[in-house]
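Student: Heads up: the protein sequence lines correspond to chains F and U, in order. Anchor point for the first sequence: position 121 equals 121 in this note's numbering, and the numbering is continuous, going up by one each time. Anchor point for the second sequence: position 56 equals 56 in this note's numbering, and the numbering is continuous, going up by one each time.
Bear in mind the hints are in silico, worked out from the structure with no lab data behind them. Treat the hints with caution; some may be incorrect.
Beta-carbon label-pair distances, calculated as ranges [to be verified]:
hint, chain 1, residue 1, chain 2, residue 2, range
1, F, 21, U, 569, 41 to 51 Å
2, F, 37, U, 108, 21 to 31 Å
3, F, 53, U, 1, 33 to 43 Å
Just so you know, even glycine gets a beta-carbon here, dropped at the ideal spot from N, CA and C.
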Amino acid sequence: MRRIISVLMENEPGALSRIIGLFSQRGYNVDSLCVAPIEDSSLSRLTITTAGDDKVIEQITKQVNKLIDVLKISDLTDGQHVERELMLIKVGTRSDSVRDEVKRTVDIFRGQVVDITPRNYTIEVTGTSDKLDAFIHTMSQTAEIVELSRTGVCGLSRGEKSMRQ
Amino acid sequence: MEMMSGAAMVVRALKDVGVKHVFGYPGGAVLDIYDALYAQEDVQHVLVRHEQAAAHMADGYARATGQTGTVLVTSGPGATNTLTGIATAYMDSIPMVILSGQVPSVHIGEDAFQETDMVGCSRPIVKHSFLVKRAIDIPDAIAKAYYIANTGRPGPVVVDLPKDIVNIQESHPYQFPDKVQMRSYNPTIKGHMGQIKKALKALLEAKRPVLYVGGGAIACDASSLVTELAEKLHLPVTNTLMGLGAFPGDHEQCIGMLGMHGTLEANKTMHNADCILALGARFDDRVTNNVDKFCPHATIIHVDIDPASISKTINAHIPVVGSVKSVLTQFFEQMHEINDTERKEQLADWWEQIASWRTRKCLSYAGSNELIKPQQVIESLYRHTQGDAYVSSDVGQHQMFAALYYPFAKPRRWINSGGLGTMGFGLPAAMGVQFAHPDAVVCCVTGDGSIQMNIQELSTCMQYGLPVKVISLNNRALGMVRQWQDMIYKGRHSHSYMDSLPDFVKLAESYGHVGIKVEKPEELEDAMARCFALKDKLVFMDIAVDQNEHVYPMQIKYGAMDDMRLSKTERT
Ligand SMILES: Cc1ncc(C[n+]2csc(CCOP(=O)(O)OP(=O)(O)O)c2C)c(N)n1
Chain F
1 MRRIISVLME NEPGALSRII GLFSQRGYNV DSLCVAPIED SSLSRLTITT AGDDKVIEQI
61 TKQVNKLIDV LKISDLTDGQ HVERELMLIK VGTRSDSVRD EVKRTVDIFR GQVVDITPRN
121 YTIEVTGTSD KLDAFIHTMS QTAEIVELSR TGVCGLSRGE KSMRQ
Chain U
1 MEMMSGAAMV VRALKDVGVK HVFGYPGGAV LDIYDALYAQ EDVQHVLVRH EQAAAHMADG
61 YARATGQTGT VLVTSGPGAT NTLTGIATAY MDSIPMVILS GQVPSVHIGE DAFQETDMVG
121 CSRPIVKHSF LVKRAIDIPD AIAKAYYIAN TGRPGPVVVD LPKDIVNIQE SHPYQFPDKV
181 QMRSYNPTIK GHMGQIKKAL KALLEAKRPV LYVGGGAIAC DASSLVTELA EKLHLPVTNT
241 LMGLGAFPGD HEQCIGMLGM HGTLEANKTM HNADCILALG ARFDDRVTNN VDKFCPHATI
301 IHVDIDPASI SKTINAHIPV VGSVKSVLTQ FFEQMHEIND TERKEQLADW WEQIASWRTR
361 KCLSYAGSNE LIKPQQVIES LYRHTQGDAY VSSDVGQHQM FAALYYPFAK PRRWINSGGL
421 GTMGFGLPAA MGVQFAHPDA VVCCVTGDGS IQMNIQELST CMQYGLPVKV ISLNNRALGM
481 VRQWQDMIYK GRHSHSYMDS LPDFVKLAES YGHVGIKVEK PEELEDAMAR CFALKDKLVF
541 MDIAVDQNEH VYPMQIKYGA MDDMRLSKTE RT
């Protein structure tokens, strides 16, 4: 089962490699990973999407929590949560008709064109991973995809809860 | 504030932590630190002959005392040579700090001479690591390293020190932290009261309970509490390979070691138990055998300081996170008065059952007039040391014979590489023990294969006058490998034969020690007596033992815990 795991850790050199190393060393999947400092820049928040049965996820959680740099870990998929991923995608726009069709699709997906050249558009889309997958699929039927880059999922639990309590 | 160089800070911080011994080997990146070691007497440096041995010495020192062992090595090959020793300590949760030199900060990443990414190389086998970037951070990093190494579930910690920050030409203010506090590291020591009550209820109601005690009980010095609990509740107790001595091996309630080479009674008791209280043990695959057939009737209570150990391989019905010591103390606080007669009554059938398994005498073996049996050597060793020696061991058949035939009565006496199974561990580990306890009798039980993996340390023994007794069970083979080849590969002894062995007696003598060769059963007792009469000497006992002896009992692969071979021809 797909899980989104959120980790609060010291923003220190080596901390990230310890987490990544742990995943490869113990044979856990990493589907995506997204990390950046938070408002207190001595801390970073990392979101990993992974897959595994309950037993594997329990081990992942415990093993990550055991790392000295890790303050807190929570499985967002345990409860209600918001998840988003951002994608930048460059598509070829060879003709006016393609350009129009691309523009329509971008609007439907509430994306934004952020860069234009005579030959292509660069588009920004945000949403769940499924939405981004759907966007890619739709786009590929109209235009040539030149390249794309996705941030990986980041997420927060819904409601009053916070990881830093 | 005192001003000093980074190198002086390293030595001073070691002193402030309370370090007495450092096991190490010099080289370019640590010459400044070695210079700082030169003119002082607070910290004794022990010069080894190979850095792997330095790590095993620090490890043996830690196992025998509970204090963190310390290693100091240079960058590159010095650092990588310690990796096997670090992995050994990591697998057995032994507190150790490894100070490694590093190339100057400006050269990191340039493939400079003797540069290796030590933090990277050691990452999967350490509890934590530091790459120190500024001299003023040295005291803090060292204080944290020792704190992390020896709190919670202990383990090795690497402190990597670039050469420029320990420069003896520069001065920096030195301040050692009064207290180490880390917001991201707060191990749980006390157990959850609700869980403890549940655990106690299950344990007291059980008709066929057993205590399964591992190295975690030794790590937190909980042996006396384990014994108290076992005696109060009349529980049978089995120790793991790492837990030998946590509960006295000569106690009438002790049913011996469990697992792959466990006793019949220990494995039977586990398999038939209705309640297992695991104390600081981790349901290792060398214990459980096939997890799907593991102890089908038991409610499992698992007490461990490391939450990740709980329900990792075997699901725990009642998990309790905490140190064995705290949790047992909490047990006693919650326990009502126990009626001894009723308690005995409750477990009478169970003990009767256990007694019947014991009658099989699974450790009996056939003696011989011509050949010395390895079991017999360990029994003799036990007699000649009154069962009170520190015994380190290497890895192989001799290790299992020592574990089975030397019933350790006290914790921290049995020093072996359980988790990693590192050949070459025994001699340096024994040396570490001897440094910690200069007057104690320290033996290293080894084999002709293992001893050659760190035999160069006989030289270190000479330099420091360490009277370790090396008991080498020489079967002219990699015995344990040979046993598996006999059992599984139809006796095809592929590369398990130790050809061209040296004359170990002459070898020992050339290092300045005493060597004794024993070839006949009738010589054994006298030779042992001679060995232990030479109190101040290292004695190398080269004992020719029966090459064809196997270690039994032995679990049968894919079976339940109690599916075992009892001899070459018998099985359960
Ligand atoms: C460093 C290392 N290499 C290989 C092994 C695999 N191994 C386990 S036991 C053994 C044989 C040990 O032979 P010896 O030390 O002579 O002891 P014996 O079994 O004969 O008592 C080997 C090769 C190991 N445990 N450690």
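Student: Any hints from earlier that this structure breaks? Give me their numbers in increasing order, please.
Tutor: Of the numbered hints given earlier, the structure breaks just one, which is hint 3.
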